[in-house]
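From first to last, the protein sequence lines are chains A and B.
Using this note's numbering, you'd call the opening residue of the first sequence number 1 and step up by one each time.
Using this note's numbering, you'd call the opening residue of the second sequence number 1 and step up by one each time.
From chain B, some residues computed to sit far from chain A (all C-beta separations above 10 Å): (1) Lys12; (2) Arg21; (3) Asp51; (4) Ser53; (5) Glu54; (6) Ala56; (7) Asn69; (8) Ile72; (9) Ser74; (10) Tyr75.
Derived list of chain A stretches under chain B, where covered just means 3 residues or more per stretch with a C-beta under 8 Å from a C-beta of chain B: (11) 24 to 35; (12) 43 to 49.
Stretches of chain B that chain A covers, calculated by requiring three or more beta carbons in the stretch to come under 8 Å of a beta carbon on chain A: (13) 28 to 42; (14) 61 to 67.
Honestly, the hints are just simulated from the structure, not real lab data.
Glycine included, every Cβ here is placed at the ideal spot set by N, Cα and C.
2 protein chains.
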Amino acid sequence: MKYDVTITISLKSGMLDPEARAIQHALSNLGFETGYLRTARVFEIGIESEDVSEAARKAEEMCERLLANPVIHSYSVEVKEE
Amino acid sequence: MKYDVTITISLKSGMLDPEARAIQHALSNLGFETGYLRTARVFEIGIESEDVSEAARKAEEMCERLLANPVIHSYSVEVKEE
Numbered sequence: 001m002k003y004d005v006t007i008t009i010s011l012k013s014g015m016l017d018p019e020a021r022a023i024q025h026a027l028s029n030l031g032f033e034t035g036y037l038r039t040a041r042v043f044e045i046g047i048e049s050e051d052v053s054e055a056a057r058k059a060e061e062m063c064e065r066l067l068a069n070p071v072i073h074s075y076s077v078e079v080k081e082e
Numbered sequence: 001m002k003y004d005v006t007i008t009i010s011l012k013s014g015m016l017d018p019e020a021r022a023i024q025h026a027l028s029n030l031g032f033e034t035g036y037l038r039t040a041r042v043f044e045i046g047i048e049s050e051d052v053s054e055a056a057r058k059a060e061e062m063c064e065r066l067l068a069n070p071v072i073h074s075y076s077v078e079v080k081e082e
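The whole structure should be built from the sequences, with the hints applied where relevant.
Here it is in structure tokens:
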């Protein structure tokens, strides 16, 4: 079966996000005041797998081994049938 | 009213995404074969606004003026009441 997997990687709460602060500052300079601003990365991946739980397991392993830094990132995985 | 706005910025279809190709290649080297891999950036922003449509309009203006490059990016905006 083919699955569409969406992986969202964000900084753990409490981690400094200097890029977010810079963007918030730039938005403020343009007249846009924001209460908070957080950034995240999304990977949409096509995975071939036996079933949904196997696809989710593969995606989690991808996060642990390459996509995320477990020290500073948290991640979520969403699996849909293609 | 305060709104939680989620802005997703991705490359327009047909645009080359060398980072995605590099990640796909690295995953392949780790034994993970992927049918496709796309990347996107997400900004979660707290916006104070009169109503939902005004919050969405502000978010779209942020995209046009700072967050996205309209030549190569497409973006979507999702607004929720805080």
